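Using the sequences and the hints given, assemble the complete structure.
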Amino acid sequence: EFPWESTAAREAFVRSKAKEIHSDYPAGEERKLDRSFLDLRLTLEPEEVERYRALGADAAKALTATLAQANGSMTEGDLSGLAAKACWSAGIQPMLAMAAGERRGLAFRHPITKAERLGGRAMIVICGRRHGLFANVTRHVFWREPSHAERLAQEGVLKVESAIFAATEQGLSLPDCYESLKEAYRAAGFPDDIYRHHQGGSTGYRTREEVASPESPPGLRKEGSRAYAWNPSLEGAKIEDTILRHPDGKLEVLTIDPAWPTREFGKRLRPDPWVRF
Numbered sequence: 003e004f005p006w007e008s009t010a011a012r013e014a015f016v017r018s019k020a021k022e023i024h025s026d027y028p029a030g031e032e033r034k035l036d037r038s039f040l041d042l043r044l045t046l047e048p049e050e051v052e053r054y055r056a057l058g059a060d061a062a063k064a065l066t067a068t069l070a071q072a073n074g075s076m077t078e079g080d081l082s083g084l085a086a087k088a089c090w091s092a093g094i095q096p097m098l099a100m101a102a103g104e105r106r107g108l109a110f111r112h113p114i115t116k117a118e119r120l121g122g123r124a125m126i127v128i129c130g131r132r133h134g135l136f137a138n139v140t141r142h143v144f145w146r147e148p149s150h151a152e153r154l155a156q157e158g159v160l161k162v163e164s165a166i167f168a169a170t171e172q173g174l175s176l177p178d179c180y181e182s183l184k185e186a187y188r189a190a191g192f193p194d195d196i197y198r199h200h201q202g203g204s205t206g207y208r209t210r211e212e213v214a215s216p217e218s219p220p221g222l223r224k225e226g227s228r229a230y231a232w233n234p235s236l237e238g239a240k241i242e243d244t245i246l247r248h249p250d251g252k253l254e255v256l257t258i259d260p261a262w263p264t265r266e267f268g269k270r271l272r273p274d275p276w277v278r279f
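Numbering-wise (the numbering used here), the sequence shown opens with residue 3 and increments by one.
Think of the hints as simulated: they come from the structure by calculation, not from any bench.
All figures in this text were calculated on a predicted structure; none of them were measured in a lab.
Certain hints may be false.
[Said to hold, decoys possible] Straight line, CA to CA, 25 Å or less: simulated BS3-like cross-link-like pairs of lysine-lysine: (1) K252 to K161; (2) K63 to K252; (3) K19 to K34; (4) K116 to K87; (5) K63 to K87; (6) K34 to K21; (7) K161 to K269; (8) K161 to K184; (9) K269 to K184; (10) K269 to K252; (11) K252 to K184; (12) K63 to K269.
Below is the structure:
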């Protein structure tokens with residue numbers, strides 16, 4: 003029997019039965035979970051890789067279906083709702099479905115959905131969960147011709163992403179990945195933009211297991227497949243997909259839909275904004 007109806011009794015029961023409690027979010031007398039447990043969680047078994055591939059494909063298709071139905075007269079809330087519905091239809095739990103229209107997409111890197119009209123362009127972001135795993139994806143649509151500045155911004159995020167993909171292939175630690183990102187922003191002509199939103203990091207059973215920063219832990223073992231979701235951003239441009247780094251260093255982009263417009267950049271097919279008008 004378990005005293006579920008009393009918080010105090012429940013906690014006392016746990017203390018009486020457990021000699022020592024370890025947690026990834028320790029409180030009170032709990033101890034910090036050893037980092038080796040995170041290492042185990044981040045190292046994906048072959049069955050997890052297969053589940054991740056299926057999730058990534060379905061998440062990407064959900065956003066294609068969402069933006070195929072969308073139009074500029076909708077609100078950000080309408081678009082978020084469409085994305086959430088498409089996720090649920092694919093058996094994906096939308097832990098985040100965030101949309102921004104023309105004005106707010108230019109003003110914010112992480113725009114919380116509002117009731118504002120979309121206008122001439124939109125961005126949709128999802129963090130979708132299935133079997134515990136997270137697929138993180140961002141896509142853009144235009145209902146007009148993108149401006150020269152918007153095209154330059156898109157080119158810029160592709161350059162930054164290409165650099166962080168190369169760092170990931172090399173198996174660099176998250177602090178070193180952050181330094182690679184910092185240099186890539188500088189080389190692209192946007193040295194301060196790295197500070198305007200987090201850049202992503204490892205993913206898996208959380209939207210981000212760890213975000214890359216100078217203070218990130220120095221490194222984990224490189225055996226096994228690991229998932230990452232990087233999200234470089236500039237004013238009016240952001241790119242985000244969920245990828246796997248395999249033991250041989252090769253990267254595999256999981257959130258791919260063949261129906262989405264792409265271009266080759268850095269020897270990989272990368273998503274372009276979908277221009278529909």
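Hint check results:
1. K252 to K161: The hint holds at about 19 Å.
2. K63 to K252: holds (24 Å)
3. K19 to K34: Within the cut-off at roughly 19 Å; holds.
4. K116 to K87: holds (18 Å)
5. K63 to K87: holds (12 Å)
6. K34 to K21: Roughly 15 Å separates the two Cα atoms, so the pair holds.
7. K161 to K269: Between K161 and K269 the Cα gap is close to 12 Å, so the pair holds against 25 Å.
8. K161 to K184: holds (12 Å)
9. K269 to K184: OK: K269 and K184 at ~22 Å, within 25 Å.
10. K269 to K252: Roughly 13 Å between the alpha carbons, so the hint for K269 and K252 holds.
11. K252 to K184: Cα-Cα ~23 Å, so holds.
12. K63 to K269: Judged against 25 Å, a Cα distance of about 23 Å means the pair holds.
Violated hints for the displayed structure: none, as all numbered hints are satisfied.
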